[in-house]
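Chemist: Just so you know, the protein sequences line up as chains A and C, in that order.
For the first sequence, position 2 (counting from the first letter as 1) is numbered 2 according to our numbering, and the numbering increases by one without interruption.
Each number in our numbering comes from the position in the second sequence (counting from 1) with 1000 added on.
These are calculated hints, taken from the structure and not from any lab test.
All C-beta atoms in this analysis are idealised placements derived from N, C-alpha and C, irrespective of residue type, glycine included.
Hints may be right or wrong, so weigh each one.
[Unchecked claim] Label pairs and their computed distance ranges (CB to CB):
| id | chain 1 | residue 1 | chain 2 | residue 2 | range |
| --- | --- | --- | --- | --- | --- |
| 1 | C | Glu-1287 | A | Gln-22 | 40 to 48 Å |
| 2 | C | Cys-1243 | A | His-54 | 17 to 25 Å |
| 3 | C | Glu-1287 | A | Ala-26 | 20 to 28 Å |
| 4 | C | Arg-1408 | A | Ala-26 | 19 to 27 Å |
[Said to hold, decoys possible] Pairs of lysine-lysine, DSSO-like flavour, derived with a Cα cap of 27 Å:
| id | chain 1 | residue 1 | chain 2 | residue 2 |
| --- | --- | --- | --- | --- |
| 5 | A | Lys-40 | C | Lys-1093 |
| 6 | C | Lys-1288 | A | Lys-92 |
| 7 | C | Lys-1288 | C | Lys-1093 |
| 8 | C | Lys-1277 | C | Lys-1378 |
| 9 | C | Lys-1378 | C | Lys-1093 |
| 10 | C | Lys-1327 | A | Lys-92 |
| 11 | C | Lys-1288 | C | Lys-1277 |
| 12 | A | Lys-89 | C | Lys-1084 |
| 13 | A | Lys-89 | C | Lys-1093 |
| 14 | C | Lys-1256 | C | Lys-1277 |
| 15 | C | Lys-1084 | C | Lys-1327 |
| 16 | A | Lys-89 | C | Lys-1327 |
| 17 | C | Lys-1378 | A | Lys-40 |
| 18 | C | Lys-1256 | C | Lys-1288 |
[What the hints assert, rightly or not] If you want the footprint, here are the derived chain C segments under chain A, 3+ residues with CB under 8 Å:
| id | segment |
| --- | --- |
| 19 | 1316-1329 |
| 20 | 1470-1480 |
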Amino acid sequence: MALSREVVRHIAVLARLDLDEQEEAAITDQLDHILQYFEKLAALDTENVTPTAHVVEMTEAFREDVVLNPAAPEELRSNAPARDGDFFKVPKIIE
Amino acid sequence: MDLTTLTIDEAAALLARRQISSIELTSAVMDRIRSSEAWVHSFITVTEEVALERARAADERRARGEAGVLLGIPVGIKDVILTKGIRTTAGSKILGQFIAPYNATVTERLLQAGAVCVGKTNCDEFAMGSSTENSGFMITRNPWDLERVPGGSSGGSASAVAARQCLGTLGTDTGGSIRQPAACCGVVGIKPTYGRVSRYGVVAYASSLDQVGPMANNVAGCAHLLAAIAGHDPRDSTSVNRCVPDYAAQLDAGIKGLRVGIPREYFVEGMQPEVEKAVRAAVSTLEKLGAQVSEVSLPHTDYAVPTYYVIATAEASSNLARYDGIKYGLRQDAESLLTMYQRTRATGFGSEVKRRIMLGTYVLSAGYYDAYYLKAQKVRTLIRRDFADVFATQDVIVTPTAPTTAFRIGEKTSDPLQMYLSDIFTISINLAGLPGISLPCGFDAQGLPIGLQIVGRPFEEETVLRAAYAYEQATEWHERRVSGF
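Please put together the full structure from these sequences, using the hints given.
Modeler: Spelled out as structure tokens, the structure:
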């Protein structure tokens, strides 16, 4: 089933991407083509196969929740496009 | 003597004997960068002042009695790897003039070893691509033929080594992005086992696949760089706590009795005949050196490319959600937060990145998750099993690195799927998390390098390096250098 422009528009909203008319048309075609290629996977029987989320066998990746080597906050804020002292400025969220 | 033609070992020996200084070596490299960049464009940022400072510091450390093979050696670092105080772009406009607030662990380790960073190398945007044509900044050209691509996504890292602009580089590899450019540019590049090298401070593309790895003019150079960067890092919860062998120590142990598997699925129609010929000749050489060669099968090879592009794009769609114009980088002002996100990302991301984010978002979305993402994760298990089955009777697997030599700039940009298919021989190795190296095994009639890939069991980089070294030393490909500029 071919990919519709509506679905693409919906995905673009989820992905927080503003696509113009041309891009939307091009991406719809390209994604449709690629998704058809992905259909290949459906041919495989994976009924009793466990999915791989992570290739390395490991379970304990936790440590104690204590602060170690805190980075200087100034360094972390220094790349902000819009800031007000210690704060990042954003467009109004709550009306 | 042209210091830029030295290998890491040769330079280290001259430095150790005080016959040259790091300042001299680094200055020679800087001159070379100046005279060759107009042709190749390997670097997004060249860090001349910092490099000369670090070279001076390395010479001082040596005067105080320090030693170490990387002390004072000029290297380049792929621009997806954070370097404190230095602009880091990930090959993307969306990061604007971002200055890294901290070093990646791999950067930290190279600095501790005394290596001298000469600049940040060009790459496909967010490491997404196989030609470096997706860079938001410029096209890097293959030093062997300037009308051709250097491969990708670590194209700048490969071209910098091939063009003698530094003695080694770091790249990253998610679907082949170290090995394939190494093959295109006639250099050596190794992707370690997943979890061998820390990803802390490395701009994430696909977190279950990404690995940092070295590139150099020869196998020994890669071994030295790998030894410096490998090892557990508590700041990367996916890094594995396992000791790091001295990778350069047993390189020359030979390969008598080494069981080498050649997978029949890796010799496909549509492959360049010269590539097949060169790889089969390389396999004969391995046999002459004492290896036991057998044909093996990796039955799910044909499913690797779609599996990868489902998983990698899904993970990328999540990883790239952070580029929102708030904490760093580009920002397109707008009335609402949502519009600001949408416009910032539309302006800042290139078309390949947008395509992959869209794909990834789609395969993770409600109604499609099971059919695509979950399915791909299951196929990933089947692919891993294929390798485990082969490694029950073989020690290494040998294949071509890529189906063709370097293609022309612009040749594959009109059909994304065509570009994806050039990863066919490298991609399964990332899905299975295995170590893999690419090294030169010949040149085609156009004079373009051909790459040989050697893959090993998890954490058996030593075996992979040993096999590569044995082949390298029995041939002369590594002695051929680029000329013409």
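Chemist: Each hint needs a verdict: does it hold in this structure or not?
Modeler: Now for the hints, and whether the structure bears them out:
1. Glu-1287/C / Gln-22/A: 40 to 48 Å: Cβ of Glu-1287/C to Cβ of Gln-22/A: about 55 Å, so the range 40 to 48 Å is violated.
2. Cys-1243/C / His-54/A: 17 to 25 Å: Once the Cβ atoms are compared, 22 Å apart, the range 17 to 25 Å for His-54/A and Cys-1243/C holds.
3. Glu-1287/C / Ala-26/A: 20 to 28 Å: The hinted range 20 to 28 Å is violated for Glu-1287/C and Ala-26/A, with Cβ atoms some 50 Å apart.
4. Arg-1408/C / Ala-26/A: 19 to 27 Å: holds, 23 Å
5. Lys-40/A / Lys-1093/C: violated, 35 Å
6. Lys-1288/C / Lys-92/A: violated, 71 Å
7. Lys-1288/C / Lys-1093/C: violated, 50 Å
8. Lys-1277/C / Lys-1378/C: Given pair Lys-1277/C, Lys-1378/C is violated - Cα atoms ~35 Å apart, limit 27 Å.
9. Lys-1378/C / Lys-1093/C: Distance ~35 Å between Lys-1378/C and Lys-1093/C Cα, so the pair is violated.
10. Lys-1327/C / Lys-92/A: holds, 16 Å
11. Lys-1288/C / Lys-1277/C: Between Lys-1288/C and Lys-1277/C the Cα gap is close to 17 Å, so the pair holds against 27 Å.
12. Lys-89/A / Lys-1084/C: Within the cut-off at roughly 24 Å; holds.
13. Lys-89/A / Lys-1093/C: holds, 21 Å
14. Lys-1256/C / Lys-1277/C: Cα-Cα ~24 Å, so holds.
15. Lys-1084/C / Lys-1327/C: Status holds; Cα separation ~17 Å.
16. Lys-89/A / Lys-1327/C: Satisfied, since the Cα-Cα distance of roughly 9 Å is no more than 27 Å.
17. Lys-1378/C / Lys-40/A: holds, 14 Å
18. Lys-1256/C / Lys-1288/C: holds, 9 Å
19. 1316-1329: Three-residue rule met by the segment 1316-1329 of chain C, so holds; n is 8.
20. 1470-1480: Not satisfied, violated; 0 residues make the cut.
In the structure shown, a violation is registered for the earlier hints numbered 1, 3, 5, 6, 7, 8, 9, 20, in ascending order.
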